[in-house]
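Following the hints, put chain B in place on chain A, whose structure we already have.
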Amino acid sequence: MKHLTNRGEAITLHCKVGGAMYDLNKALGDISSIRRQMAQSTEFRGYGPATLAATGAIAAVAAAAQALWLPDPSRNVPVYLGIWVSTAMLSAALIGAQMHARTRRIHSGMADEMIRMAVEQFLPSVAAGSMITVVLAWLAPQAVWMLPGLWQVIFGLGVFSSCRFLPRPMLAAGAWYLMTGLGCIAVGEGHAFSPWAMGIPYGAGQLLVAAILFFASPEGVDESQDNFE
Amino acid sequence: MKAKTTSNEGRFAYEGLDRVIHERARLSVLTSLITNPKGLTFGDLKQLCALTDGNLSRHLRVLELDKMVEIVKGHEKNRPLTVCRITPSGRKRYLEYLTTLEQVVRDAAKGAKEEAAQALLGGLSVSRVV
Chain A
1 MKHLTNRGEA
11 ITLHCKVGGA
21 MYDLNKALGD
31 ISSIRRQMAQ
41 STEFRGYGPA
51 TLAATGAIAA
61 VAAAAQALWL
71 PDPSRNVPVY
81 LGIWVSTAML
91 SAALIGAQMH
101 ARTRRIHSGM
111 ADEMIRMAVE
121 QFLPSVAAGS
131 MITVVLAWLA
141 PQAVWMLPGL
151 WQVIFGLGVF
161 SSCRFLPRPM
171 LAAGAWYLMT
181 GLGCIAVGEG
191 HAFSPWAMGI
201 PYGAGQLLVA
211 AILFFASPEG
221 VDESQDNFE
Chain B
1 MKAKTTSNEG
11 RFAYEGLDRV
21 IHERARLSVL
31 TSLITNPKGL
41 TFGDLKQLCA
51 LTDGNLSRHL
61 RVLELDKMVE
71 IVKGHEKNRP
81 LTVCRITPSG
91 RKRYLEYLTT
101 LEQVVRDAAK
111 GAKEEAAQAL
121 LGGLSVSRVV
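Chain order of the listed sequences is A and B.
Each step along the first sequence adds one to the number in the working numbering, with nothing skipped, and position 146 is 146.
Each step along the second sequence adds one to the number in the working numbering, with nothing skipped, and position 53 is 53.
Bound conformation, chain A alone:
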């Protein structure tokens, strides 16, 4: 009979501890919720102006490389895609690595929350841009000339969706990418694969983004002053 009593006591204790665990987990959930609300009212400072300017320079170098080694990209679309997809991947890796380090330094208490929000805002554009590349390159090669314009339009939408947590003038960068993308599509198939149809929009666009971040969120300003509503 004793073993039944002991087992009963163990179960009772287990239930009590289970109740306490529920309360503790609820408390952790409440703390996360407060931190999320704080993050939503904080300007994101994880994007570094120098790194973004560097990605602009990378785009200009990629355009120069294309002008030099790929004189007729319309006849060699896979190489053209290779140049620009690898440029995008290199830039994304640079921005991602720096964003991780910078966010931990500047937004120490809510870094994970801030990174999650920044990724959530830009990820749909990255996914849409990747999927449209695959679909046009494999299934609709006759429309592949629209890719540079579409990339810029989609990138612009990504910038717009991130604007809520970035300095207000960032809307100008979103508008820049939207306009250059539409311009690329408007000039038509003849000039769509020109190296400068990508080099100028991304080179100048990233410099514009870097300048906005540099002047609107100076390095010396403390993170706690970022309450921007």
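Take these hints with a grain of salt, some might be off.
Stated by the list, open to error - Okay, derived cross-link-like pairs now, SDA-like style, lysine to any residue, Cα gap no bigger than 20 Å in a straight line:
no.	chain 1	residue 1	chain 2	residue 2
1	B	Lys113	A	Ala20
2	B	Lys92	B	Lys110
3	B	Lys110	A	Leu28
4	B	Lys73	B	Asn55
5	A	Lys26	B	Glu114
6	B	Lys92	A	Leu24
7	B	Lys92	A	Gln37
8	A	Lys26	B	Tyr97
9	B	Lys110	A	Leu24
By construction, these hints were calculated from the structure, which means they are not laboratory data.
This is chain B only, laid out in the frame that chain A set:
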């Protein structure tokens, strides 16, 4: 053994539990203000924190003296209006407090989990022996 004791020294000290914030009413005032960055009127704050006029004034004074909140007195439609806002320093201290509080809850949850596992194991071993 000694090395372990040394490494665990101050393990549960929780220095970040700021005494000014660690009071139910003030914690409630600061949480309301942090989730409303534009600020809250005295009336709204009183309602959100379920405090009386006197109590809220007393706690706001403590927070204001510690430069954690700012109180702006003005007028709206010819009626006096008091707006309370959290300061950048208050925001920073609240965030530090929240991080420590989270650590306290995590430590407690870890302890509770171990206790539950031991209780279950203890119950099973006794039943096997008998």
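Hints, verified against the model:
{"no.": "1", "hint": "B:Lys113 to A:Ala20", "verdict": "9 Å, holds"}
{"no.": "2", "hint": "B:Lys92 to B:Lys110", "verdict": "27 Å, violated"}
{"no.": "3", "hint": "B:Lys110 to A:Leu28", "verdict": "12 Å, holds"}
{"no.": "4", "hint": "B:Lys73 to B:Asn55", "verdict": "18 Å, holds"}
{"no.": "5", "hint": "A:Lys26 to B:Glu114", "verdict": "18 Å, holds"}
{"no.": "6", "hint": "B:Lys92 to A:Leu24", "verdict": "24 Å, violated"}
{"no.": "7", "hint": "B:Lys92 to A:Gln37", "verdict": "14 Å, holds"}
{"no.": "8", "hint": "A:Lys26 to B:Tyr97", "verdict": "18 Å, holds"}
{"no.": "9", "hint": "B:Lys110 to A:Leu24", "verdict": "10 Å, holds"}
Checked against the numbered hints given earlier, the structure breaks hints 2 and 6 and satisfies all the rest.
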